[in-house]
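Protein chains in written order, with full-length UniProt numbering: chain A, 1 to 583; chain B, 1 to 583.
It cannot be assumed that every hint is accurate.
One copy or two, either will do: identical chains are not told apart, so a pair holds if it fits within one copy or between any two.
To be verified - Straight line, CA to CA, 25 Å or less: simulated DMTMM-like cross-link-like pairs of lysine to aspartate or glutamate:
{"no.": "1", "residue 1": "218", "residue 2": "343"}
{"no.": "2", "residue 1": "303", "residue 2": "524"}
{"no.": "3", "residue 1": "302", "residue 2": "489"}
{"no.": "4", "residue 1": "531", "residue 2": "181"}
{"no.": "5", "residue 1": "403", "residue 2": "558"}
{"no.": "6", "residue 1": "206", "residue 2": "223"}
{"no.": "7", "residue 1": "26", "residue 2": "343"}
{"no.": "8", "residue 1": "439", "residue 2": "521"}
{"no.": "9", "residue 1": "303", "residue 2": "489"}
{"no.": "10", "residue 1": "403", "residue 2": "343"}
{"no.": "11", "residue 1": "396", "residue 2": "524"}
{"no.": "12", "residue 1": "439", "residue 2": "489"}
{"no.": "13", "residue 1": "573", "residue 2": "168"}
{"no.": "14", "residue 1": "26", "residue 2": "532"}
{"no.": "15", "residue 1": "206", "residue 2": "256"}
I should point out that these hints are in silico values taken from the structure, not numbers from a laboratory. Predicted, not measured: the structure shown is a model, and the values here were computed from it.
There are 2 protein chains.
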Amino acid sequence: MRLPTLTRKSLERHLPILGWSKTYDKDTLTNDLVAALIVTIMLIPQSLAYALLAGLPAEMGLYASILPLVAYAIFGTSRALAVGPVAVVSLMTAAAVGNIAVQGTPEYAAAAITLAFLSGLLLTVMGIFRLGFLANFLSHPVIAGFITASGVLIATSQLKHIFGIKAEGHNLIQLTVSLFENQHLANPITLFIGLATTGFLFWVRKGLKPLLLSLGLKPRLADILAKAGPVGAVAVTTLVTFAFGLQDKGVKIVGDVPMGLPPLTLPSFDAGMWSSLFMSAVLISIIGFVESVSVAQTLATKKRQRIVPDQELVGLGTSNIAAALTGGYPVTGGFARSVVNFDAGAETPAAGAFTAVGILLAALLLTPLLYFLPQATLAATIIVAVLSLVDFSILKKTWTYSKVDFAAVAATILLTLGFGVEMGVSAGVILSIGLFLYKTSRPHVAEVGLVPGTHHFRNILRHKVETHPEIVTLRIDESLYFANARFLEDYIYNRIACDQPIRHVVLMCSAVNEIDMSALESLEAINTRLKDLGIKLHLTEVKGPVMDRLKRSHFLEELTGEVFLAQYDAVIKLARPSAMAAQ
Amino acid sequence: MRLPTLTRKSLERHLPILGWSKTYDKDTLTNDLVAALIVTIMLIPQSLAYALLAGLPAEMGLYASILPLVAYAIFGTSRALAVGPVAVVSLMTAAAVGNIAVQGTPEYAAAAITLAFLSGLLLTVMGIFRLGFLANFLSHPVIAGFITASGVLIATSQLKHIFGIKAEGHNLIQLTVSLFENQHLANPITLFIGLATTGFLFWVRKGLKPLLLSLGLKPRLADILAKAGPVGAVAVTTLVTFAFGLQDKGVKIVGDVPMGLPPLTLPSFDAGMWSSLFMSAVLISIIGFVESVSVAQTLATKKRQRIVPDQELVGLGTSNIAAALTGGYPVTGGFARSVVNFDAGAETPAAGAFTAVGILLAALLLTPLLYFLPQATLAATIIVAVLSLVDFSILKKTWTYSKVDFAAVAATILLTLGFGVEMGVSAGVILSIGLFLYKTSRPHVAEVGLVPGTHHFRNILRHKVETHPEIVTLRIDESLYFANARFLEDYIYNRIACDQPIRHVVLMCSAVNEIDMSALESLEAINTRLKDLGIKLHLTEVKGPVMDRLKRSHFLEELTGEVFLAQYDAVIKLARPSAMAAQ
């Protein structure tokens, strides 16, 4: 049976898999399989490590890397995005779930599952209602600051595993104090394993691939081997621990990781738990979506592909619901692994599905081998991964470019470090919006004059321009709305108070994109007041949509002056009678 | 000792009384005294009535009309504003205090006093930090809607006194249901007094003054007599109740009102109470300030005087602190009584201080006379006063002018009626800001062309203009910032995707008042992407402040095209080579 084209188009929009699967062939398959292999190798230690970062049993990291990837392969629109547990979302999960349950208890795991479900539901609903634009209210600098601060926070939180001590806290101060208090308990063997692994992993990142290439290996093989570095570290430290019985000498190990298929799980439907997790789910959804969509967009642009943000919401939403149903926790598209996936040649989301198969095999077969894996090794994996996210240069960049952006970034970083991830990102959003509103509430108003020999008007303070003593032309560099309506009134009243011969006030509206009801009332007030003083009010360069609206009010009938299409026309006409009078 | 001029100036800024008292003379005194007399006559029944509306003992209304007026006379900048208990703030007080205490208990009165103190503190601090601009975020239509809905709510809440029954509730539905449930308990005598007084007061408003004038009275006397209408109603209904012993026939009376000076009171400093009253205090402060400053500004404009909003905050703040210290409750500048004060000839804030003396005399001497005053009379006073505030025409006005403004007004009215004053005004503010952000996040982008024979560019869809096949000129009608940065990217990518011969994209920035860091990154991305496609990106008519900032980034170095002062220059230059090629 052939579906009618229209239905098929609309089905493809909601099930992107129907689109790309049509042209799937052997070459694509090979490329996807190779990419999947590399990502699987990378993802196994990461999944375990991020689960521990979230305060969850290691196997939940594996479970979160199986069915969610399949869901994304069906519903997602990016061809290179690799979904799974990521560092920042894991930290946010720990912060959210830590508020309502104690780490290590079944309630804690159940809350994490519920969080994934809630977040999945939110994302899916946002996708269906096309609310993807909401993510735009997180400004780029705020995101950059947040990711950097989270990276520092995560790396610090892992130091306890490197030292083999206990340390608690959701912010930098608590963590640092806790580390200092317990440092005398540090376990030398654990510390050695931790430092050696961290050093090794940093070297793998920078030095291994060039070394392998110089040894004559083919680039692709060198790449795979370099990516396998963390797996090597896992294997070596596990073997050493096993061989020397280090677990009896104070080295903390991962221990029992259940072998087998992911369990079927259900989220809690307890209203109290939902309401206490709700705000966290909102924040995790937005942060996860923003991180994911940025990577997806960057990678899509490189291949002239397009991603559909609203459909991405559905893709990530179903992934999280899948995580909740199979013993996982909140997931999103990861930056590092997506880049690896892309570089390794992944051509379709099928690569993600193949990765899922790889992780499934690991969960079925390899978990007993992880018994002796030191937690310090996983901590080292996390530290090396997140430190690549830390980039304080955004502070310098914004400082040079815009103090307002700088303020938002600095506040986000400080609050994230000082009060944890949820506070940091909320403050970042609120501050971005608040500062934007503040700026628009005190708009830039320029008094302009004619640039000689042109029809062009520029700021009298910046350019050599011609003006006329009876005409004041004000260019308002902002839409007029309730927050700045009164500002405009004050500005005009002050301007005319200090200059006697004024007979015309011209408002140049080329930058006025809207005049709302409050601003209209202010304009009416200005018009009346100027009328009493014998001054006429004129408007120029009013835009189409704004003019349409003004025509629906009584303002234009009451206006003492005229509305000119061009500023030049206004000056020519208004200047003339007095020029004649002067003769 | 003479103060140096600078110090004196700065003192006058903070203590406006030092300014106007210098030129105070006998004429001013006479005018102020007459105005004070009329306002006192009007304020006595209103103070009692609004105190009952707030759920407080009647005398607290009088106390709130004494010292607060003196404080405002010292610190306020408006020469006509009459401060005291007002309807909307009384209703908000009832809603706020009703959440934490039961009407009629000492805790309830103590909470109202604390609310006045908190609100006074907030206002004063806002004034000191010059945060008066915050009030601008309440748009005019939202305020109009809120006042109208509050008027309906207040009038409905008073119907129980007219019927002589009980009815509870903070929203229209609860109130109406409660009234219907208890209507069979209505007391016929109370109902008669209530309806007769209401009818009389309406007639006094419309018909009494013309009648007195036609009887040959002098206008000023006619005015004073008409203003004394409510006092007449109070006197007559009190006498009738006393004469016929109506209090024994089910007519509720005011009862004992303590005689004497206002008591000295202290607010509670209980942290729990402060935190539960905090949000209410914020809302009351803002609503009170907005109402007060609107009236003050309107009246000041009529006499070419100026008010200083930040100093007004201090004036109202100290008034509320004064209210808290002398057994009152939250006060603000009232609309009706300020107009009366102004019309009666008040020339300085001293009129307010004289009014305070009048009310003090009433509190010292007249309270025993109020024992038999029926509550129905006070309810009628309130109903007549607030119904003059009700004006649904704002719905029609905004509907014609702007659907967005309409939505904000309609939501404010519905939520105020349905969920009470606090919900209504919060929703109004959030909705105004949310809708503004939403609009700016999807800016109007117009493709423009040259109006023949001019240097002027307009929308190709609205005007007959000249375009060039290789040049796309987009005028962006909004500042570029994080919320719309991605929108611009999508818009441009879509526009160039559907048109082949394009070689130049020109962004006309005459309406771009800011480019923040996020937007800069988007512009960089657009520039790179267009470069890959062999298309050059140009900017025109970039404003001074925006250009200054761009110069501090690397964008201008990377830009494939040029930055032109005028759009016309760009088209002339870019169109030329191809015109030659076509020859």
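Verification of the hints:
no., hint, verdict
1, 218 with 343, "within (15 Å within a copy, 94 Å between copies)"
2, 303 with 524, "between (54 Å within a copy, 18 Å between copies)"
3, 302 with 489, "between (50 Å within a copy, 15 Å between copies)"
4, 531 with 181, "neither (74 Å within a copy, 56 Å between copies)"
5, 403 with 558, "between (42 Å within a copy, 23 Å between copies)"
6, 206 with 223, "within (12 Å within a copy, 90 Å between copies)"
7, 26 with 343, "within (19 Å within a copy, 90 Å between copies)"
8, 439 with 521, "both (21 Å within a copy, 20 Å between copies)"
9, 303 with 489, "between (52 Å within a copy, 16 Å between copies)"
10, 403 with 343, "neither (37 Å within a copy, 49 Å between copies)"
11, 396 with 524, "between (45 Å within a copy, 18 Å between copies)"
12, 439 with 489, "both (17 Å within a copy, 23 Å between copies)"
13, 573 with 168, "neither (75 Å within a copy, 65 Å between copies)"
14, 26 with 532, "neither (82 Å within a copy, 30 Å between copies)"
15, 206 with 256, "neither (33 Å within a copy, 88 Å between copies)"
Against the hints set out earlier in the document, violations occur for numbers 4, 10, 13, 14 and 15.
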